[in-house]
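Each protein sequence line maps, in turn, to chains A and B.
No gaps in the numbering here: position 179 of the first sequence is 179 in the numbering used here, and each next residue is one more.
No gaps in the numbering here: position 185 of the second sequence is 1185 in the numbering used here, and each next residue is one more.
Keep in mind the hints are simulated off the structure, nothing from the lab.
Warning: the hint list may mix true and false statements.
Far from chain A, some chain B residues (derived; all Cβ distances over 12 Å) [what the hints assert, rightly or not]:
1) R1034
2) V1042
3) E1086
4) R1094
5) S1106
6) F1115
7) R1166
8) V1234
9) Y1267
10) L1275
11) A1301
12) R1312
13) T1318
14) A1320
15) T1326
Going by beta-carbon spacing under 10 Å, a handful of chain B positions derived as facing chain A [unchecked claim]:
16) L1081
17) D1082
18) A1083
19) G1174
20) D1203
21) H1230
22) N1237
23) S1295
Cβ atoms here follow ideal geometry from the backbone N, Cα and C, with glycine treated the same way.
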Amino acid sequence: MAKVLQVKNLRTCFDTESGTVRAVDGVDLSLEEGETLGIAGESGCGKTVLALSIMRLIPSPPGRVASGQVMLDGVDITRLSDEEMRKIRGRGISMIFQEPMTSLNPVIPVGEQIAEAVRLHLGFSRKDAACKAVEMLKTVGIPSPSERVKDYPHQMSGGMRQRVMIAIALSCRPRLMLADEPTTALDVTIQAQILDLINRLKEEAKTSVVLITHDLGVIAEAAQKVAVMYAGLVVEYSSVRELYYEPRHPYTVGLLESRPGPREKDARDRHLKVIPGTVPNLYELPPGCPFHNRCNVVMDRCKMERPEYTEISEGHYVRCWRINPWK
Amino acid sequence: MLENKSLEIEAYEDSGSARTILSVECLKKYFESRSGVLSRQVRLVRAVDGVNLRVFEGETLGLVGESGSGKSTLGRVVIRLDAPTEGRVLFDGRDVHRLQKEELRSFRRDVQIVFQDPYASLNPRKSAESIIGEPLTVQQICDRRERRERVVRLMEVVGLTPDQMRRYPHEFSGGQRQRIGIARAIATNPKLIIADEPVSALDVSVQAQILNLLKDLQRDYNLTYIFISHDLRVVENMSDRIAVMYLGKVVEVAQSSALCGEPLHPYTRALFSALPVMKPGERKERIILEGDVPSPSNPPAGCPFHPRCRERMKVCETQAPALTRTVEGRFVACHLIGDEAAGKGLGRKEERGALI
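Next up, chain A with everything else stripped away, as it sits in the complex (with noise of 0.2 Å):
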């Protein structure tokens, strides 16, 4: 299948006064056509930065993207004018962001923001931007399309707001969307409601997805990649079901395991299996592995070296040096 998104050693840097921070820290990642990749990390894991990246809106300054390449369908859009990158927002990606409320402009009706997006991108008329409003929300399973169009944000609940942006971001048929913590601002019935909406898009579409998320178990359900992230870096990358019944970097372990399962035997009396201490600060960050001072498998070398990003079989890559040890 073609590849429809390549990230190659991608290094994205903030320059402030406390000193350079690398948020990203040299990514690879690839995406295949209809594709769902799941990032998965704590707060400050770069992965927000990372979508920001490939999307091309890190402020700068003091944000800049130092290396590496972002290949949408082959052509590298980090070399892009800004106004050629404006072109590939919209049609070639468009991004869902995790605040529906203040991602949404208060004081425009939402129908008149899904038009928008429509006649800058796609050259709709007015008229027809508007039919494309009502048509987009119907898609989306907002009830009463044509009165809910004129509606504001505040007038909206959560879940509707969630859903208008996925109208937006779905409405010029993307290749690329990423979804920045989609369905993190909502409850868990909403959460089912906005992921089935989600895929069933995605396969009309044939949209690849790139969704960021800290929660393991929305990955599980909605993505076929996974790549797990700490510190601005992939620590694991792998299919799906590799890496939830195969999970092989310390991180990632202690991150499944972590999480209380569904009906576990005197779980009540048991204790959470831990990993301890806390998401390092970007500012101090360890050498050599930026995980060492929190794995339980550490070694003399994760404190000096970094790990090498590893294909340890087909299609899973690992960044420690306990699982590729001949390296």
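Let chain A serve as the given structure and place chain B on it in line with the hints.
Below, chain B without anything else, positioned relative to chain A:
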């Protein structure tokens, strides 16, 4: 109402008859909301709408529900941060909202709360020492010198190091801040702690640490918890019993294992089926609820869940089902389950109607 209570007592007497530490009786909390500053129109938001619950000594009662279900409001009324509109809360047999002076002071000592957001609930201008030590001073538990020793001990108990005592909240990570919040809560040696979404704001890898800490403290200090969370898996892992709330009402109460193993109320069933499972490839039957949670200012007539319920019947649109005991000694508020229970000889329908 009285009959309802006796039923409840009956149910739990089977299960070891622990002492009731807290009981919530027909509790209602309505808020007034005006549509505009000058508007005369006042709408009532029924945040908590007739809740009966009891909490037994040493147990963890989990309270789950989606946003707007009233679980936090219930917690706030229980701890007397808000006054009830109707009904009462009894702690150790005394009406919490009628306590005065010395009794109130001792209630404040016995009942504590851990808040959701450790970033917003700690005073940024106070050091860890004065945050943790403040209840000791307010409650006149010890003098200044002893206070420092106690704070040191509390910090060790919750997994902080005493040399962090002089630091301010911004110098701590989220997990550490929550530890400070917990140390503050246990400083007065409370009996009951209300933990309102204590891990929701934390990273996944840190959540487990805090949950383990709460379990340890419960064991070591014989604490009773009301554990409020929207996260079913976390509640399941922490609780002995679970109460599920929807639009200000309790729709199901049962032992944790029974409720999670076989949820009965259609809403509870939908909640569990909406949970993502960490097993890729394993497709499961999923109930996807339609629509949103209705606004508590305009709740639907009859059963609050009926507009989203797949199994609604005619009666659900007009009559709110009472929380009724089922055969297994569980409580469910659903006409569907009521009928089943009735079929198994659990009282006639008219009788159950009278219990509301």
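Mind listing which of the numbered hints don't hold for this structure, in increasing order?
8, 9, 10, 16, 17 and 18
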